[in-house]
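Chemist: So the sequence lines, in the order shown, correspond to chains A, B, C and D. So the first sequence is numbered by the UniProt record's numbering: it starts at 1 and just counts up by one. So the second sequence is numbered by the UniProt record's numbering: it starts at 1 and just counts up by one. So the third sequence is numbered by the UniProt record's numbering: it starts at 1 and just counts up by one. So the fourth sequence is numbered by the UniProt record's numbering: it starts at 1 and just counts up by one.
Keep in mind the hints are simulated off the structure, nothing from the lab. Any given hint might turn out to be false.
Any copy will do: because identical chains look the same in the list, a pair fits if it lies in one copy or spans two.
DSBU-like, lysine-lysine: derived pairs with alpha carbons at most 30 Å apart [what the hints assert, rightly or not]: (1) Lys-312 with Lys-266; (2) Lys-275 with Lys-83; (3) Lys-266 with Lys-133; (4) Lys-114 with Lys-5; (5) Lys-266 with Lys-129; (6) Lys-165 with Lys-248; (7) Lys-331 with Lys-275; (8) Lys-331 with Lys-2; (9) Lys-248 with Lys-166; (10) Lys-266 with Lys-165; (11) Lys-266 with Lys-166; (12) Lys-257 with Lys-142; (13) Lys-129 with Lys-275; (14) Lys-84 with Lys-275; (15) Lys-266 with Lys-248; (16) Lys-142 with Lys-266; (17) Lys-142 with Lys-3; (18) Lys-83 with Lys-312; (19) Lys-84 with Lys-142; (20) Lys-166 with Lys-3; (21) Lys-84 with Lys-266; (22) Lys-118 with Lys-84; (23) Lys-331 with Lys-166.
Protein chains: 4
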Amino acid sequence: MKKLKIGIIGAGRIGQLHARNAINSNRVELIAISDIYIENLEGTTLAHEVPIITTNSEGIFADPEIDAVFICSSTDTHVDFIKKAANAGKHIFCEKPISMNIQETHSALEVVKKAGVKFQIGFNRRYDKHFRKAYESVRAGKVGTPHIIKITSRDPEAPPESYIKKSGGMFMDMTIHDFDMIRYLSGQEVEEISVKAANLIDDSFLRNDDVDTAIITVTFEDGSLGVIDNSRQAVYGYDQRIEVFGNKGLVTVENEKQTNIQISTKEQVASELPKYFFLERYMDAYVDEVNEFASSILDNTELLCGADDGLKAEALALAAKISANENRTVKLSEINLNSSVKV
Amino acid sequence: MKKLKIGIIGAGRIGQLHARNAINSNRVELIAISDIYIENLEGTTLAHEVPIITTNSEGIFADPEIDAVFICSSTDTHVDFIKKAANAGKHIFCEKPISMNIQETHSALEVVKKAGVKFQIGFNRRYDKHFRKAYESVRAGKVGTPHIIKITSRDPEAPPESYIKKSGGMFMDMTIHDFDMIRYLSGQEVEEISVKAANLIDDSFLRNDDVDTAIITVTFEDGSLGVIDNSRQAVYGYDQRIEVFGNKGLVTVENEKQTNIQISTKEQVASELPKYFFLERYMDAYVDEVNEFASSILDNTELLCGADDGLKAEALALAAKISANENRTVKLSEINLNSSVKV
Amino acid sequence: MKKLKIGIIGAGRIGQLHARNAINSNRVELIAISDIYIENLEGTTLAHEVPIITTNSEGIFADPEIDAVFICSSTDTHVDFIKKAANAGKHIFCEKPISMNIQETHSALEVVKKAGVKFQIGFNRRYDKHFRKAYESVRAGKVGTPHIIKITSRDPEAPPESYIKKSGGMFMDMTIHDFDMIRYLSGQEVEEISVKAANLIDDSFLRNDDVDTAIITVTFEDGSLGVIDNSRQAVYGYDQRIEVFGNKGLVTVENEKQTNIQISTKEQVASELPKYFFLERYMDAYVDEVNEFASSILDNTELLCGADDGLKAEALALAAKISANENRTVKLSEINLNSSVKV
Amino acid sequence: MKKLKIGIIGAGRIGQLHARNAINSNRVELIAISDIYIENLEGTTLAHEVPIITTNSEGIFADPEIDAVFICSSTDTHVDFIKKAANAGKHIFCEKPISMNIQETHSALEVVKKAGVKFQIGFNRRYDKHFRKAYESVRAGKVGTPHIIKITSRDPEAPPESYIKKSGGMFMDMTIHDFDMIRYLSGQEVEEISVKAANLIDDSFLRNDDVDTAIITVTFEDGSLGVIDNSRQAVYGYDQRIEVFGNKGLVTVENEKQTNIQISTKEQVASELPKYFFLERYMDAYVDEVNEFASSILDNTELLCGADDGLKAEALALAAKISANENRTVKLSEINLNSSVKV
């Protein structure tokens, strides 16, 4: 079977994860990995497994053998790398968000469109078997027309303040996955959004003009509703649940527990907590995400989430921020993609 | 054991239910029941069990033997009956809502306060063993300080249009229970409310200037958040779930299934639906509600939900209606209880 | 609606329970209750509610107003009371077991048969909504032909030694309910039985030549299998589960939890224990049991469990005891109902 | 990190599975694979990944580079290969059962013992995260002293008759895993066993003097009890549940569902079936099994299941067959390991 030859830019946690999955995949061949801090790889087994290890990302764009690049570097470098990759005719897999500036994201995607290369955004949750089965059930009409979509999405613990500073804020960093998921499940675009946000966990968010807790309500084109609740700290683990309520029924996805054991004693029936860490929870989804990217190119099939999905989730994150700051409903039509002026 | 002697005004479905529970209770003695359509009782066993059956409610207020009255008549009669009962020195159990007009509700409760009689509002869900256990767990600090309270509250099927016309609207008729529950669970007052409502089920609501689906977000005094989602039609049954998420954990209440059987076949694992009808779901809560009302008077104990709880839930229903109509956040301080002008 | 007029013989725990349910039933009128220790009723509300309270059971048999008697006295009195009741033309509800001696049980039931009165045995679990729904699902063919029926039946705590002494042994006292349930679910008679029993809890059973733990395997007429596991002490509560596995699927009944709350913390997800006490677990079943007995007479409908069911469960208990004692498989055909010699 | 160099004998389904896991493991290096029908590998990716592919197993024993062999060939070849491997000083991983003849198994293991090589038997379920967590909970005293251990173990569908013929019978082929699991969970040896077996599925088992359904009761050294129920055909999927009931509580392991979705409609709440195929259910266990074998040699740690575990499970399978055939309880002491005469 033919393999997709790829280069990975960025050797941090997520870059290394994709590298490992690429090596184990029978649809991908990992040719090169670059990072300006390439010493990150020292002591890892990747150091012995990847043919080209370099600090020079330009070499990856220039390498005629490489079909596609994975952009896993810091967010502020994405737009530049996307444009370079597109101009070099490489297909692109890019981690979320594309950028912190919706107009820049838009401009990068315009270059991608012109170049005619494939572009996949790293919304890994679409590849989760539970959520995908829920999605398929909704599309198959099992619950009829969706009326209310609910997403519970809570991190197990708050990130360090150094991360918060560069995160782009909770909506852009964390809720962006939920924005994508709610669009995916609904099959509709969001028309307006209304956010109530709060600082309830600790001051690290407040000090950085960020929030740690939120309820986000969206109205879709057809008038149906969605609601997301977020927290940066769920002490019982990574809480990732969804619910699609329609005129013919309800589909829910519960958390995956660490194991299925239950212990009944004099005091209670105790079962295990949800998986704690996102890499553990979505381990299989990350594998499938890479394989499906490869298949979409090798077999020329449809992408499950593309450039437009990346752009729209960012627009929602931006609108959410405005809604929270101004304590009002924001229409998505207020977000101007072509203006050089930041909204 | 001493028994509380009561009269019931209103012999409709809910009046008959309380009558039945009063007869079976060892803390209550049902002396009289009145209704202008007293023929409602024909053919029921109550017809033979209640000593006084009358169309004249005045007789109940005048009867010196009667300690307390249950006001179960149509909402537009509540204020008048409350004032009469209070002035007659009777303790009062009143079905929700107290009235459709917050100022009138307020004035009736002023009379109650002056008379010094006990007043319990019919928020039966507080007496449900599941919700009460959740409440007690929250109060005992099991989940720490609440950050997000979520209520899912969906009726199994839409009421007939004749009912919709007189219902006072979804927020006053249905969500009012959820408003009470969210205050009860939080232990905080709501400061502002933001509603997205929709007409997704059928035109019967729209024709009556009402809605059938809503997401309601509230902000409590301490900045914590709450969210209620409502639908007038959940085909799988009466959906009544709650969730209190705090800084030390999460407490949830799932629906009660009709039975605990599960059938696994080639196709699926099938379990039973939630109880369908509210009288079935809250059967035990209705029994406890009456008994605890009696105890609060006989033993002079604290009421679980009183006049203020009735007033505050109504204020929330009114604020919700304004928020939905004007598509904006409404502060509860906007609701003027003393004005003769309707907000 | 016509009511069945009854007398209750025996005013212990179970007699009082039936009395309470009879009083609340709209199909039954409780005329009299007798007990040689009638002072048991002092201080109960029953003392004021039952027209005739007596130490003389003969008066009940002689009372022409009484249609049926409930035999709730100690087991050693059952046979005598059954014969007297039958001879007096009273319908009979009798608590389990009928007697400790299968031949005596058989002789009493012969008298019942000759008298042509109705006879219901107190296997309350058949009236439990969960088990009944499982039964109906099996009969409706939802799981095809049963291959394996499993019953888990464990008491929350061991009875006092004074009870053990008179209990007739675990198989006759406790497993007898499971023997009835396994016949009910199967729809087949048991052909042979094989028991492994043990003393694992404490010496109180051993001292009385009794066991506290057992695995009981049965083979039905059609070759299908059943297995019951018993323990006298499940610290987490009354464990009552069943499972019918057939060629088209599996139906299971899980325990009823005290409430549906779940609490997730750093340590675990904790849910509530099963109901602890048999009267609490089967409260509704006891109500239905009485009402259905009344209906079967008033409306002349089929009994859900009759004389034969009582006899067969006793034969199984006896066979189980032989199997455990002799460490061998016992065929039910070894049990001789007509012999005056105890097997 | 040092890797264990292995050769695999047998390139059927299970041999290929171990080969794939060995290739992906960072503790194992797969040097060679042999099979007399080596054409089995044609068209697989293994064909390009394994350095030595051969029909000559002798070469594997003779290869000084190889540290350990995996014996995955047909059962009738195991004893010969075990002896050869042991005599060549290779550590051994052997699929279950070791042989169909307990005396031959014993003799092979005597050779292993003399050679001083490590020997692991392929009881993959011990490596399942759910069962292992249950085991650890039991060992940690969470449920006190075990009184009853229950295993439900049912295949999703009957094997083809060609497989049945060579399988050694249900107890040796299928129940052997449950025999190992029940010993593992108990921490005790079985003293006696009593089996009721039946032919309820189809005639293919009967024609081959085999059974398809069974209830197996065991008594452990300390008097505690265990029960296994088996079926060759559970239409709803691979049913693998365990339960350890002790004097301080109960630990249960439920099946893993295919996904966590639930769909509530007018008819029911439907959730997904258990995983259907054993390779899918135990996928991770097979990975861990190989890695732990490697670790036990590389780091000289204790094996989780060794030669004795293989022998004892076989003895139980043999005793079960005798019990079923002779319809009696069989003591394990009846099984003579040293006799040349088959029991």
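Chemist: All hints, please: hold or fail.
Modeler: Tested hints:
For the homomeric pair Lys-312 and Lys-266, neither the shortest alpha-carbon distance inside one copy (51 Å) nor that between copies (35 Å) is at most 30 Å. Neither within a single protomer nor between protomers do Lys-275 and Lys-83 lie at most 30 Å apart by alpha-carbon distance, with minima of 37 Å and 44 Å respectively. In this assembly of identical chains, Lys-266 and Lys-133 lie within 30 Å of each other by CA distance solely across copies; the values are 18 Å between and 38 Å within a copy. In the homo-oligomer, the alpha carbons of Lys-114 and Lys-5 lie at most 30 Å apart inside one protomer (22 Å), although the nearest pairing across protomers, at 52 Å, exceeds that limit.
Within a single copy, Lys-266 and Lys-129 get their C-alpha atoms only as close as 36 Å, which misses the 30 Å cut-off; across copies the closest is 20 Å, which meets it. Proximity of Lys-165 and Lys-248 under a CA criterion of 30 Å is satisfied inter-copy only: 25 Å between copies versus 44 Å inside one chain copy. Within a single copy, Lys-331 and Lys-275 get their C-alpha atoms no closer than 36 Å, and across copies no closer than 39 Å, so neither meets the 30 Å cut-off. For the identical chains of this complex, Lys-331 and Lys-2 are neighbours neither inside a copy (46 Å) nor across copies (60 Å), given an alpha-carbon limit of 30 Å.
With identical chains, the CA atoms of Lys-248 and Lys-166 are at most 30 Å apart between copies only, with a shortest distance of 27 Å across copies and 43 Å within one. In this assembly of identical chains, the alpha carbons of Lys-266 and Lys-165 lie at most 30 Å apart only when taken from different copies (27 Å versus 47 Å within one copy). Within a single copy, Lys-266 and Lys-166 get their C-alpha atoms only as close as 48 Å, which misses the 30 Å cut-off; across copies the closest is 28 Å, which meets it. Proximity of Lys-257 and Lys-142 under a CA criterion of 30 Å is satisfied in both settings, with 26 Å inside one chain copy and 19 Å between copies.
For a Cα distance limit of 30 Å, the shortest separation of Lys-129 from Lys-275 qualifies both inside one copy, at 15 Å, and across copies, at 13 Å. For the homomeric pair Lys-84 and Lys-275, neither the shortest alpha-carbon distance inside one copy (38 Å) nor that between copies (45 Å) is at most 30 Å. In this assembly of identical chains, Lys-266 and Lys-248 lie within 30 Å of each other by CA distance solely across copies; the values are 7 Å between and 41 Å within a copy. In this assembly of identical chains, the alpha carbons of Lys-142 and Lys-266 lie at most 30 Å apart only when taken from different copies (11 Å versus 41 Å within one copy).
In this homomeric assembly, Lys-142 and Lys-3 never come within 30 Å of each other (Cα to Cα): the closest approach is 37 Å inside a single copy and 48 Å across copies. Taking the shortest alpha-carbon separations for Lys-83 and Lys-312, only the intra-copy value of 19 Å comes in at or below 30 Å, while the best inter-copy value is 57 Å. For the identical chains of this complex, Lys-84 and Lys-142 are neighbours neither inside a copy (44 Å) nor across copies (54 Å), given an alpha-carbon limit of 30 Å. Proximity of Lys-166 and Lys-3 under a CA criterion of 30 Å is satisfied in neither setting, with 36 Å inside one chain copy and 41 Å between copies.
Taking identical chains as interchangeable, the C-alpha atoms of Lys-84 and Lys-266 are never at most 30 Å apart, the minima being 64 Å within one chain and 46 Å between chains. Proximity of Lys-118 and Lys-84 under a CA criterion of 30 Å is satisfied intra-copy only: 14 Å inside one chain copy versus 56 Å between copies. Taking identical chains as interchangeable, the C-alpha atoms of Lys-331 and Lys-166 lie at most 30 Å apart only when both belong to the same chain, with a minimum of 27 Å there against 34 Å between chains.
Comparing the model with each numbered hint stated earlier shows that hints 1, 2, 7, 8, 14, 17, 19, 20 and 21 do not hold.
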